[in-house]
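Same order as they appear, the protein sequences are chains A and B.
With the UniProt record's numbering, you'll find the first sequence wraps up at 346, consecutive numbering, no jumps.
With the UniProt record's numbering, you'll find the second sequence wraps up at 346, consecutive numbering, no jumps.
These are computed hints drawn from the structure, not numbers from a lab.
Treat the hints with caution; some may be incorrect.
Put simply, identical chains are the same to the list, so a pair is met inside one copy or across any two.
Unchecked claim - Listed below are the simulated SDA-like cross-link pairs for lysine to any residue, each with C-alpha atoms no more than 25 Å apart in a straight line:
{"no.": "1", "residue 1": "K296", "residue 2": "V328"}
{"no.": "2", "residue 1": "K47", "residue 2": "Y291"}
{"no.": "3", "residue 1": "K237", "residue 2": "R279"}
{"no.": "4", "residue 1": "K200", "residue 2": "D289"}
{"no.": "5", "residue 1": "K7", "residue 2": "E314"}
{"no.": "6", "residue 1": "K178", "residue 2": "E158"}
{"no.": "7", "residue 1": "K156", "residue 2": "L60"}
{"no.": "8", "residue 1": "K278", "residue 2": "R81"}
{"no.": "9", "residue 1": "K210", "residue 2": "R279"}
{"no.": "10", "residue 1": "K278", "residue 2": "E150"}
{"no.": "11", "residue 1": "K237", "residue 2": "T264"}
{"no.": "12", "residue 1": "K296", "residue 2": "E21"}
{"no.": "13", "residue 1": "K155", "residue 2": "T32"}
{"no.": "14", "residue 1": "K191", "residue 2": "N274"}
{"no.": "15", "residue 1": "K47", "residue 2": "E124"}
None of the values given here were measured: they were computed from a predicted structure.
There are 2 protein chains.
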Amino acid sequence: MAEVRNKQVVLKEYVTGFPEESDMDIIEGTITLKLPEGSNNEVLLVKNLYLSCDPYMRILMTQGPSYVTPSITPGTGTPLRGYGVGRVLESGHPDYKKGDLVWGITTWQEYSFVSLDQSLFKIEHTDVPLSYYTGILGMPGMTAYVGFFELCSPKKGEKVFVSAASGAVGQLVGQFAKLAGCYVVGSAGSKEKVELLKNKLGFDEAFNYKEEPDLDAALKRYFPEGIDIYFENVGGKTLDAVLLNMRLNGRISACGMISQYNLTQPEGVTNLTNIIMKRIRMQGFIVSDSYHLYPKFLEFILPHIREGKVLYVEDIAEGLENGPAALVGLFTGRNFGKQVVVVSRE
Amino acid sequence: MAEVRNKQVVLKEYVTGFPEESDMDIIEGTITLKLPEGSNNEVLLVKNLYLSCDPYMRILMTQGPSYVTPSITPGTGTPLRGYGVGRVLESGHPDYKKGDLVWGITTWQEYSFVSLDQSLFKIEHTDVPLSYYTGILGMPGMTAYVGFFELCSPKKGEKVFVSAASGAVGQLVGQFAKLAGCYVVGSAGSKEKVELLKNKLGFDEAFNYKEEPDLDAALKRYFPEGIDIYFENVGGKTLDAVLLNMRLNGRISACGMISQYNLTQPEGVTNLTNIIMKRIRMQGFIVSDSYHLYPKFLEFILPHIREGKVLYVEDIAEGLENGPAALVGLFTGRNFGKQVVVVSRE
Numbered sequence: 001m002a003e004v005r006n007k008q009v010v011l012k013e014y015v016t017g018f019p020e021e022s023d024m025d026i027i028e029g030t031i032t033l034k035l036p037e038g039s040n041n042e043v044l045l046v047k048n049l050y051l052s053c054d055p056y057m058r059i060l061m062t063q064g065p066s067y068v069t070p071s072i073t074p075g076t077g078t079p080l081r082g083y084g085v086g087r088v089l090e091s092g093h094p095d096y097k098k099g100d101l102v103w104g105i106t107t108w109q110e111y112s113f114v115s116l117d118q119s120l121f122k123i124e125h126t127d128v129p130l131s132y133y134t135g136i137l138g139m140p141g142m143t144a145y146v147g148f149f150e151l152c153s154p155k156k157g158e159k160v161f162v163s164a165a166s167g168a169v170g171q172l173v174g175q176f177a178k179l180a181g182c183y184v185v186g187s188a189g190s191k192e193k194v195e196l197l198k199n200k201l202g203f204d205e206a207f208n209y210k211e212e213p214d215l216d217a218a219l220k221r222y223f224p225e226g227i228d229i230y231f232e233n234v235g236g237k238t239l240d241a242v243l244l245n246m247r248l249n250g251r252i253s254a255c256g257m258i259s260q261y262n263l264t265q266p267e268g269v270t271n272l273t274n275i276i277m278k279r280i281r282m283q284g285f286i287v288s289d290s291y292h293l294y295p296k297f298l299e300f301i302l303p304h305i306r307e308g309k310v311l312y313v314e315d316i317a318e319g320l321e322n323g324p325a326a327l328v329g330l331f332t333g334r335n336f337g338k339q340v341v342v343v344s345r346e
Numbered sequence: 001m002a003e004v005r006n007k008q009v010v011l012k013e014y015v016t017g018f019p020e021e022s023d024m025d026i027i028e029g030t031i032t033l034k035l036p037e038g039s040n041n042e043v044l045l046v047k048n049l050y051l052s053c054d055p056y057m058r059i060l061m062t063q064g065p066s067y068v069t070p071s072i073t074p075g076t077g078t079p080l081r082g083y084g085v086g087r088v089l090e091s092g093h094p095d096y097k098k099g100d101l102v103w104g105i106t107t108w109q110e111y112s113f114v115s116l117d118q119s120l121f122k123i124e125h126t127d128v129p130l131s132y133y134t135g136i137l138g139m140p141g142m143t144a145y146v147g148f149f150e151l152c153s154p155k156k157g158e159k160v161f162v163s164a165a166s167g168a169v170g171q172l173v174g175q176f177a178k179l180a181g182c183y184v185v186g187s188a189g190s191k192e193k194v195e196l197l198k199n200k201l202g203f204d205e206a207f208n209y210k211e212e213p214d215l216d217a218a219l220k221r222y223f224p225e226g227i228d229i230y231f232e233n234v235g236g237k238t239l240d241a242v243l244l245n246m247r248l249n250g251r252i253s254a255c256g257m258i259s260q261y262n263l264t265q266p267e268g269v270t271n272l273t274n275i276i277m278k279r280i281r282m283q284g285f286i287v288s289d290s291y292h293l294y295p296k297f298l299e300f301i302l303p304h305i306r307e308g309k310v311l312y313v314e315d316i317a318e319g320l321e322n323g324p325a326a327l328v329g330l331f332t333g334r335n336f337g338k339q340v341v342v343v344s345r346e
């Protein structure tokens with residue numbers, strides 16, 4: 001069987017500080033479009049269509065143990081690893097056949113061998129944009145669902161704060177909070193994002209954290225009675241200000257701390273005694289622990305999407321060669337909504 | 001009815017930094033041993049026998065809202081407030097009669113009017129030392145029980161770390177951990193305390209944190225596989241080192257952060273991303289929220305005390321006038337076990 005071109009995005013070296021495009025290389029290799037011998041029905045060959053840019057990927061670019069082991073090894077020609085949507089080209093497994101669509105962990109190249117594990121899902125519903133399976137119908141959607149509904153048990157009328165609120169996860173948490181009858185405020189990093197939250201996504205209020213020299217004062221303005229639920233995406237100074245404003249029996253769903261991933265020395269959080277004084281529960285979670293809930297989640301979310309009751313904003317970069325810039329942009333807030341990279345539309 | 005002498009401990013002014021004996025005054029007033037008119041069966045007149053010195057009392061000495069409101073108002077002649085054991089001298093309530101023994105929130109003086117609320121308990125078992133109702137059979141005992149068993153759901157073989165391990169609460173957490181079949185290590189602030197933990201209270205290991213310049217390294221020595229449960233009594237640097245050493249799905253019971261109470265600027269905790277990466281649940285709690293479990297707790301603990309299977313170490317200061325020194329000593333670690341002040345033995 002003939003070899004075909006296989007463009008890849010690889011890491012040049014471990015990243016310190018903010019990642020830059022120059023930390024990655026686009027290389028052109030070739031691939032034989034055939035499953036390796038002895039792959040034992042455990043691997044599919046897929047053509048990658050959409051790749052997902054997610055903050056956690058930054059952690060993979062640092063040497064050492066992480067929660068999403070193993071790190072990406074730089075300098076070996078191994079492409080980046082992340083979530084994506086692909087079409088099956090070859091399968092030895094009876095549940096998957098050529099032409100099937102899947103989402104799950106893949107690699108940043110045109111064609112990938114992907115493992116059939118608990119993080120790979122067959123796509124059954126194609127009346128919605130396929131790219132949604134990198135976002136609202138994929139890992140970020142499940143993250144918002146599990147982190148908000150399962151971990152925070154929201155009650156009608158409760159006050160919810162979401163940081164990184166226009167991001168892949170945050171925009172959904174806010175909309176879920178409204179579905180649950182909560183009051184919800186989001187923070188984001190630009191005027192346009194704030195407008196999006198308030199005018200399109202139904203947040204009660206939103207503010208630009210970059211224009212708030214005193215986050216504590218900003219939170220007191222929007223939450224005069226305090227915060228019941230905080231969906232934590234950023235960490236650091238924001239968490240510190242939130243702790244001062246939590247109410248009794250508050251819950252913090254600790255999903256991510258993007259503000260800390262690029263720092264050699266993380267910011268110190270000084271207000272943790274509030275966890276005791278206010279009986280706060282802070283729960284870290286990794287969504288892949290809850291993938292058994294995916295069918296339940298789909299049943300919940302698909303009707304809302306079809307009826308236009310939950311919206312999803314995507315920022316689409318065209319072409320694998322624009323992947324590094326798209327990924328790097330997450331950490332400066334350049335993306336407007338869920339950052340997706342299109343490798344191929346078919 | 002004649003007036004009698006009523007010695008009191010009052011706060012002279014709000015405390016900043018470490019509390020000192022000179023922040024308090026011993027004053028001699030008088031009291032008429034009679035319930036006030038219109039006290040509506042809601043108040044008892046008690047003679048205070050034992051007073052409890054607890055770290056949370058430091059928080060009451062600072063101006064501003066706290067979790068145990070209201071603060072103690074200095075300069076008004078109102079005595080300190082805290083837990084204690086007393087004998088009823090007068091009661092209008094049918095459930096309490098003269099001579100009954102009670103424990104709960106009282107004030108630092110010879111005689112107090114105490115409120116009949118959910119924090120006042122009649123003492124039914126007097127075959128154990130009465131002072132135990134300021135410790136193992138009172139608020140600290142319940143704190144250890146709720147914080148360890150209810151919040152951490154320990155499983156046999158799990159690895160438990162307790163800070164301030166020889167204190168009123170910590171010494172019990174360690175013994176409860178052994179009853180639950182766990183491996184338990186405690187940290188304390190002197191050689192004698194470490195010996196107590198290892199040789200008398202059954203801790204598997206213990207160390208003097210003052211002799212460990214690198215807490216992270218110390219924890220790695222005692223927990224090569226990591227910590228499943230951390231019972232948090234101190235906060236700050238210790239919490240930061242613990243976060244680096246927690247295992248997946250670890251639980252932190254946040255009971256107190258004594259190391260932070262005297263700091264104008266609390267220490268920054270920098271390793272919070274571990275909460276996400278290790279799916280940690282950190283739960284703050286206030287024991288008074290769980291006082292409905294007290295009967296269940298007594299049923300559990302009394303047999304263990306009577307059979308000598310759970311020990312309790314007390315540090316007894318004689319006389320109300322020695323109360324300020326005893327209380328202040330908590331924050332320099334001068335106490336050896338639960339710090340009690342005897343006002344009167346009968």
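The hints, checked one at a time:
no., hint, result
1, K296 / V328, "neither (33 Å within a copy, 56 Å between copies)"
2, K47 / Y291, "within (23 Å within a copy, 60 Å between copies)"
3, K237 / R279, "both (21 Å within a copy, 21 Å between copies)"
4, K200 / D289, "neither (32 Å within a copy, 41 Å between copies)"
5, K7 / E314, "within (24 Å within a copy, 71 Å between copies)"
6, K178 / E158, "within (10 Å within a copy, 40 Å between copies)"
7, K156 / L60, "neither (38 Å within a copy, 34 Å between copies)"
8, K278 / R81, "between (40 Å within a copy, 20 Å between copies)"
9, K210 / R279, "neither (30 Å within a copy, 29 Å between copies)"
10, K278 / E150, "both (21 Å within a copy, 18 Å between copies)"
11, K237 / T264, "both (16 Å within a copy, 18 Å between copies)"
12, K296 / E21, "neither (38 Å within a copy, 61 Å between copies)"
13, K155 / T32, "neither (54 Å within a copy, 51 Å between copies)"
14, K191 / N274, "neither (31 Å within a copy, 32 Å between copies)"
15, K47 / E124, "within (17 Å within a copy, 74 Å between copies)"
Checked against the numbered hints given earlier, this structure breaks hints 1, 4, 7, 9, 12, 13 and 14; the rest are met.
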